[in-house]
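Participant: Protein chains in written order, with this note's numbering: chain E, 1 to 288; chain A, 1001 to 1288; chain C, 2001 to 2288; chain H, 3001 to 3288; chain B, 4001 to 4288; chain U, 5001 to 5288.
Note that these hints are calculated values from the structure, not bench results. Careful, some of the hints might be misleading.
Under the rule of at most 27 Å between Cα atoms (straight-line distance), these lysine-lysine pairs were calculated in the BS3-like manner [as the list claims (entries may be wrong)]:
1) C:K2206 <-> E:K236
2) H:K3224 <-> C:K2278
3) B:K4251 <-> B:K4228
4) H:K3168 <-> C:K2278
5) E:K168 <-> A:K1046
6) A:K1251 <-> A:K1179
7) C:K2278 <-> C:K2046
8) B:K4046 <-> U:K5224
9) E:K278 <-> A:K1224
10) H:K3206 <-> B:K4251
11) H:K3251 <-> H:K3224
12) B:K4228 <-> U:K5278
13) H:K3228 <-> H:K3179
14) B:K4228 <-> H:K3150
15) B:K4150 <-> H:K3179
16) A:K1224 <-> A:K1206
17) B:K4206 <-> U:K5224
18) A:K1236 <-> A:K1251
19) A:K1179 <-> U:K5236
20) A:K1179 <-> A:K1168
21) E:K278 <-> A:K1179
22) A:K1278 <-> E:K206
23) E:K168 <-> A:K1278
24) B:K4224 <-> U:K5046
25) C:K2224 <-> C:K2251
26) U:K5251 <-> U:K5206
27) U:K5046 <-> U:K5081
28) U:K5179 <-> U:K5251
29) C:K2278 <-> H:K3228
30) A:K1251 <-> A:K1228
31) H:K3046 <-> C:K2224
32) E:K228 <-> A:K1278
33) C:K2081 <-> C:K2150
34) E:K206 <-> E:K179
35) E:K278 <-> E:K46
36) C:K2278 <-> H:K3046
If you're wondering where the values come from, they're calculated on a predicted model, not measured in any experiment.
Protein chains: 6
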Amino acid sequence: MNEITLLLQCDDLIRQALREDITNEDVSTNAVMPRSQLGQVQLICKQDGIIAGLSVFARTFHLLDASTQVSFACQDGDLVKRGQVMATITGDVRVLLSGERVALNYLQRMSGIATYTRDMVHILEGSRTTLLDTRKTTPNNRIFEKYAVKVGGGSNHRYNLSDGVMLKDNHIAAAGGIKDAVAMARAYAPFVRKIEVETETLDQVKEAVEAGADIIMLDNMSIKQMEKAMIIIDGKAQTECSGNVTRENLKRLADLGVDFVSSGALTHSAPILDISMKNLEIISNRSI
Amino acid sequence: MNEITLLLQCDDLIRQALREDITNEDVSTNAVMPRSQLGQVQLICKQDGIIAGLSVFARTFHLLDASTQVSFACQDGDLVKRGQVMATITGDVRVLLSGERVALNYLQRMSGIATYTRDMVHILEGSRTTLLDTRKTTPNNRIFEKYAVKVGGGSNHRYNLSDGVMLKDNHIAAAGGIKDAVAMARAYAPFVRKIEVETETLDQVKEAVEAGADIIMLDNMSIKQMEKAMIIIDGKAQTECSGNVTRENLKRLADLGVDFVSSGALTHSAPILDISMKNLEIISNRSI
Amino acid sequence: MNEITLLLQCDDLIRQALREDITNEDVSTNAVMPRSQLGQVQLICKQDGIIAGLSVFARTFHLLDASTQVSFACQDGDLVKRGQVMATITGDVRVLLSGERVALNYLQRMSGIATYTRDMVHILEGSRTTLLDTRKTTPNNRIFEKYAVKVGGGSNHRYNLSDGVMLKDNHIAAAGGIKDAVAMARAYAPFVRKIEVETETLDQVKEAVEAGADIIMLDNMSIKQMEKAMIIIDGKAQTECSGNVTRENLKRLADLGVDFVSSGALTHSAPILDISMKNLEIISNRSI
Amino acid sequence: MNEITLLLQCDDLIRQALREDITNEDVSTNAVMPRSQLGQVQLICKQDGIIAGLSVFARTFHLLDASTQVSFACQDGDLVKRGQVMATITGDVRVLLSGERVALNYLQRMSGIATYTRDMVHILEGSRTTLLDTRKTTPNNRIFEKYAVKVGGGSNHRYNLSDGVMLKDNHIAAAGGIKDAVAMARAYAPFVRKIEVETETLDQVKEAVEAGADIIMLDNMSIKQMEKAMIIIDGKAQTECSGNVTRENLKRLADLGVDFVSSGALTHSAPILDISMKNLEIISNRSI
Amino acid sequence: MNEITLLLQCDDLIRQALREDITNEDVSTNAVMPRSQLGQVQLICKQDGIIAGLSVFARTFHLLDASTQVSFACQDGDLVKRGQVMATITGDVRVLLSGERVALNYLQRMSGIATYTRDMVHILEGSRTTLLDTRKTTPNNRIFEKYAVKVGGGSNHRYNLSDGVMLKDNHIAAAGGIKDAVAMARAYAPFVRKIEVETETLDQVKEAVEAGADIIMLDNMSIKQMEKAMIIIDGKAQTECSGNVTRENLKRLADLGVDFVSSGALTHSAPILDISMKNLEIISNRSI
Amino acid sequence: MNEITLLLQCDDLIRQALREDITNEDVSTNAVMPRSQLGQVQLICKQDGIIAGLSVFARTFHLLDASTQVSFACQDGDLVKRGQVMATITGDVRVLLSGERVALNYLQRMSGIATYTRDMVHILEGSRTTLLDTRKTTPNNRIFEKYAVKVGGGSNHRYNLSDGVMLKDNHIAAAGGIKDAVAMARAYAPFVRKIEVETETLDQVKEAVEAGADIIMLDNMSIKQMEKAMIIIDGKAQTECSGNVTRENLKRLADLGVDFVSSGALTHSAPILDISMKNLEIISNRSI
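Take the sequences, apply the hints, and build the full model.
Facilitator: Set out below in structure tokens:
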């Protein structure tokens, strides 16, 4: 993850997470370790998968103590195996203990998303279809989750409501039809944004093509409908297929030749990848 | 969820999530709806499960516009069924559209956790064992996730590192043994906190009992080992069983008679419950 | 300005500005007015121009006291004349006095930008060219300044570095050429964003067309060069002309048939529109 | 600018401005520069003027990456000439690109104010009159703008409503006359503050003198009136002249012998000084 | 306390104090009161003294629930007697319980300061000397403590380092003498600020007079020295006496005819005034 | 004080206190010291007592300038004597001057609390009774004040409403009796928390014992009553005595054999310990 992004977007969130876990002090650690001691601990993979979020993991410790050393034996996007030592962390034992849970909570979640995404991307291999995420992310974790999707080989849809135009049924109704909605959006939105229209029927697809939509989303359509939609669109707009995308039907969606398939499950339902910090050793009893 | 908790702990997080989704403006909505219109939309369940987080859902809209009306047909903890209309939301259509995603992201996640927890709790019915969550929560979502566990029928372990004492192997090593660690914790920590000791062997269990631990955690032990541990402890401390708790082995853990079983999966790997906002209607074209 | 935008993006900035002006208390007002009194004051135009930011003006008082009444006799975008009473504000006199400066600082600045923009837009009338702003805004005032440009009849370029792709010479150099830069951007950036390439020579224009850039910026070119560039581009990309745009040369740029002309001066060098609050009257001596 | 002021007052504002420009990431830069590269760029003056804000310019880059080297060839207050290389900035190219706009937005604005102020101050040379700024600053930029006025040779009036007492017509009306208003202010305000009274007629001037005002402001008076006012005051209070101060009438105001002339235009209507970052070179392709 | 001051300066501090006391939830209250109930409680004085901070007390509850009713039977500055019912608070019982401690912590502290100040002010009655506070306040409580001093009849010295000029020995040494220090301060500081010089010897007093200091502080001098200093100053500057001001020596200081005596003890060592909330009654079992 | 606690909990509060004292700049210092100079100053004890908060004192300067050197000649908990040089601080003179007041405000207050606590603890020597603090702390200073109590030899009660259960009369009334209240608390609160019940009569003490309370507080009882209460409790719960604890009656409370005595005065009414920074010397005139 880019240093500037970490600094401007992530640091405050990580610090906030640390304060969520330590509201006044880490009582257990402070009770038995009144002074700092130099220690080392290993980051161990407990399940095969794709690792993502190593810089966030390291940052958590650096935010607690800039002198903490994190030495990685892998990098984001690598396939890691159960039992593999992925990193060694060296520093004040109290920092290692107090930061452990937050650092792992981020790393496990991001790696879970990357692993699940990679699985889905494999199914699309050989096709022209790109896998997209959605805005169905965990609140206040979007920056981490969208990055994890990329590490897993997926691509990002718009980041949020401000940086992309997507006209849904309600927008269209309010504008009085697809044509008017697209025109209003083109007049209002910064011209650097493409206009996407969500469609549920073939009539809407036609209208969207005529209105000059840049992207047409086929929402919750049957395979049959989508085939017809693709013929109507015929390359005049980019196409995105959305709704109940599963491991099972993903291949068939790709066969339709749509440009994009988007899946909320990448970020909202991927189970975590099991990772732990183990084998802590005291290197030196001297205060550091 | 309690009003004071919403106000002091949740509001800032929800607002932050809204700003994550709207960094300058909701371009699509503002393009086609230059003025407010009174509208109504339904909250529909798309999957059977336990609903949790309705007050957070409503709060999201109230934070955008205090005059939004949310009328619920169910309450937290109810079993909801696919197709069920759970609520009607009435207000400025722009508020309904701009707040939808964040409101649903919270509600879906919290309900997913409650649903998964209820499943696990059912297995424990009839036993004396209580199901606990852990600190393996999504960063900056703990207040929501721990609440959802309760709605699902589970109980909460300590909230964070500040409000509970848990002595792990590293704390024990630093203190020079379980006895000393417990003594140091009792001297240091506010006396209102119970002292929990994490054990991995029967020798450690014995030591913990002798040290006067209030709670003894049996971590990653075999059923056999735990049986022996329970005999050693013999009611002199509360007991918690932790590590790789699954639907499959949960019944056997309960049969051991442990007081508590804790599971990280409740909060880190429960898939969401599918919920959507549908059937938006414009009630009045007049500005409100 | 949209209520949601005010609430999520502006309120904190306005409150911050109020705290910039009142670090502990408004000493003068508190010294002579120990109690609240109901008063009324007029908002008077002191210079002809386009008014912009009335909702921000009102919001400043509402943030100090929600019961303040602001009754407007004009709306954003109106041409206002010297001497015209644009609004009457009724409320606690202390609120009127303490909020006056911040409210006017916003309104004068936004109206100055709208007035300057309208001037420039008039010159473009009849042409197919749209006037754009830039990212050369006053720090922590972008949301207000870009809105004022729109009120003045201009359009907004990308909001910031996150929601638009603009490949400048350095990006191109880093990527090893325009073709590679465009390809990398298309692979990396969310697909909803158009790719703009900044060009300074006709060779670069050609490359940009071949690379499939969505928008080509002609930066600091002579009229002659731009004429040739337009021929090369020939409708295959949108065109933006940038650099030293003045009242004097704007007409000639429009004559070239470029789609967009962007000008930093709209936001960084427009003088304010002179506006003041006058004729304060005490309506009632009773505390409110 | 003082390091402590930068740290306590400016850093948060600069970081906020950076986040205004980068809400999730600098897409263009990250797309083509996945790794850091050491680069160098020049800060070039494009217009003659007074430079102000160099420490703010440098701070912007340091806040993104503390290892960035900024080497200046001039200092705040210097007259800089078109084409002059004012600084060289060396660091991670991504930092140079991502911070450029915010750093320049501050520097251009502050230098514009300093340049305009110096112009006005020149007119006052040889007189006993000091040029003052006002509270008509851009919201959330006062710390920068008041500093720029000083660099330009002007002086600062009170910083805000909390640190100076200025009794205007409304304060006086509320108190029941100038005498009472001054007495109330003296009783209420910390004694370290001088009491200033705003007057619009010669009667008010007399009253203010009698009330023992420390400073008397002559607001929007004609030259004739001010001459008489100066005779009435006769050194018994400091004098400030305010309202529609222009290059044209400034000399005549000074000839009156007033102590201070205040001008809002210094901060609200000075055009920026044109400055750019140019000639970026990659020094090393190796990651730094 | 002024509404605007409460809103701009106090609300965030009070909310922060509430979050200091409730990091996730009020466990005791939520355990036994799952629903709101309307209740009433009395604010009882347990010690004679001067009450100060009633608006802060009420605000604490209003910030938790705007519908809470606080009905006062006294006002800031009143002498209250042991056993006196000072207010009745009516609202959701959970709000009354959860806000009690923070509300009282403010009220007790502010009333303690007002009570102690009033005591000292009484000693000065009949003299021309005014009692001042200092910057020796409790961190992040200055706005409350300086207000309490005023309620007790004292006056405020400068609010902080930004709004008053005080030249101490180190400033004088750095400038090269009192004369230069005063000249530099006059040139640098906004002209609305008076210049105060701290002196420890009679020579310094002479220099300060000659330098034209507005205020001369006699720091830690003997009564004898101060008598001579007063003769030297002879009305040419205001005089402030500081250092180890006690109930015992205060009268003698006043007899010297100094304008001001400042005492840090007012804010840093006044014991609290004992106050409690008692006699809570449930008015209605119905949810509100 | 632990580094992690300083970083996560204290730094923001200290910075906030610095901004309370410097809202725009330290005018006096900046007027006479336009450039940095290396200086040194001593921290001198002016009153015998227990020192507490040295790391907070040092942190204040480090937050202003990380290169400041603070060399201590004592440590928290030491008995310090009038006139003793406790530390030498070396750094930019402007940092030493601008940070002095805030650093001392913390140190004096914390040392005052530690000194007062040590006094009280001495009285308990030889008894089995532990001295506790309460939640009667100064708003937004709890982390500092509770630490100071520990330095003085006292122990901490629960940190806040979230991390301890205390059932008072109102909770009991709401639940319908002590038995039900304890049962509800045990069902609701995380099991790691002990349940404390506040009692005012012997009947309540009996009920609390029967309900299985972990801790029983004897609130405002007479010595006689407490003697009887201790017999009723008979070791079945821990005991805490509270209410009007003074130097005079503390010994008698200890003689009762209660486990804990809690006193609000430790944090709300301890006078400060007088400490000052003196003997500032300029070491080098060169800028640093």
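Participant: Now tell me if each hint is right for this structure.
Facilitator: A quick look at each hint next to the structure:
1. Taking the CA atoms of C:K2206 and E:K236, the gap is about 24 Å. The hint holds against a cut of 27 Å.
2. The hinted pair formed by H:K3224 and C:K2278 meets the criterion: a straight-line CA distance of about 24 Å does not exceed 27 Å.
3. A threshold of 27 Å between alpha carbons decides the hint, and for B:K4251 with B:K4228 the separation of about 18 Å falls inside it, so the pair holds.
4. Restraint check: the Cα-Cα separation between H:K3168 and C:K2278 comes to about 12 Å, which is no more than 27 Å; the hinted pair holds.
5. Annotation: proposed proximity of E:K168 to A:K1046 holds, straight-line Cα distance about 19 Å (limit 27 Å).
6. Distance hint between A:K1251 and A:K1179 is unfulfilled; the C-alpha atoms sit about 33 Å from each other, more than 27 Å.
7. At most 27 Å may separate the alpha-carbon atoms for a hinted pair to count; C:K2278 and C:K2046 meet this at roughly 11 Å.
8. The straight-line distance between the Cα atoms of B:K4046 and U:K5224 is roughly 23 Å, inside the 27 Å bound, and the hint therefore holds.
9. For the suggested pair E:K278 and A:K1224, the alpha carbons sit about 24 Å apart, so the restraint of at most 27 Å is met.
10. The hinted pair formed by H:K3206 and B:K4251 fails the criterion: a straight-line CA distance of about 39 Å is larger than 27 Å.
11. Distance check on the hinted pair: H:K3251 and H:K3224 sit about 15 Å apart at the alpha-carbon level, within 27 Å; holds.
12. Among the hinted pairs, B:K4228 with U:K5278 is consistent with the structure: their alpha-carbon atoms are about 26 Å apart, no more than 27 Å.
13. This hinted pair checks out: H:K3228 and H:K3179 have alpha carbons roughly 21 Å apart, not beyond 27 Å.
14. At most 27 Å may separate the alpha-carbon atoms for a hinted pair to count; B:K4228 and H:K3150 exceed this at roughly 40 Å.
15. Between B:K4150 and H:K3179 the CA atoms are separated by roughly 23 Å; this keeps the pair inside 27 Å, and the hint holds.
16. At roughly 16 Å between alpha-carbon atoms, A:K1224 and A:K1206 fall within 27 Å of each other, so this suggested pair holds.
17. For a cut-off of 27 Å, the pair hint linking B:K4206 to U:K5224 is broken: about 67 Å separates their Cα positions.
18. Between the alpha carbons of A:K1236 and A:K1251 the distance comes to roughly 23 Å, so the proposed pair stays at or under 27 Å and holds.
19. Taking the CA atoms of A:K1179 and U:K5236, the gap is about 23 Å. The hint holds against a cut of 27 Å.
20. The hinted pair formed by A:K1179 and A:K1168 meets the criterion: a straight-line CA distance of about 13 Å does not exceed 27 Å.
21. Restraint check for E:K278 and A:K1179: the C-alpha separation of about 23 Å stays at or below 27 Å, so the hint holds.
22. With a C-alpha separation of about 23 Å, the suggested pairing of A:K1278 with E:K206 holds against the 27 Å cut-off.
23. Our distance criterion of 27 Å between C-alpha atoms is met by E:K168 and A:K1278, whose separation comes to about 12 Å.
24. Taken as a hint, the B:K4224 and U:K5046 pair is honoured in the structure, with Cα atoms around 23 Å apart against an allowance of 27 Å.
25. Between the alpha carbons of C:K2224 and C:K2251 the distance comes to roughly 15 Å, so the proposed pair stays at or under 27 Å and holds.
26. Taken as a hint, the U:K5251 and U:K5206 pair is honoured in the structure, with Cα atoms around 26 Å apart against an allowance of 27 Å.
27. With a C-alpha separation of about 7 Å, the suggested pairing of U:K5046 with U:K5081 holds against the 27 Å cut-off.
28. Restraint check for U:K5179 and U:K5251: the C-alpha separation of about 33 Å exceeds 27 Å, so the hint is violated.
29. A distance of roughly 26 Å separates the Cα atoms of C:K2278 and H:K3228; the hinted pair therefore holds under the 27 Å criterion.
30. For the suggested pair A:K1251 and A:K1228, the alpha carbons sit about 18 Å apart, so the restraint of at most 27 Å is met.
31. Restraint check for H:K3046 and C:K2224: the C-alpha separation of about 23 Å stays at or below 27 Å, so the hint holds.
32. About 26 Å separates the Cα atoms of E:K228 and A:K1278, which keeps this hinted pair within 27 Å; it holds.
33. The hinted pair formed by C:K2081 and C:K2150 meets the criterion: a straight-line CA distance of about 20 Å does not exceed 27 Å.
34. Only pairs whose Cα atoms come within 27 Å are accepted, and E:K206 paired with E:K179 is accepted, the gap being roughly 10 Å.
35. About 11 Å separates the Cα atoms of E:K278 and E:K46, which keeps this hinted pair within 27 Å; it holds.
36. Distance check on the hinted pair: C:K2278 and H:K3046 sit about 41 Å apart at the alpha-carbon level, beyond 27 Å; violated.
Comparing the model with each earlier hint shows violations of hints 6, 10, 14, 17, 28 and 36; every other hint is respected.
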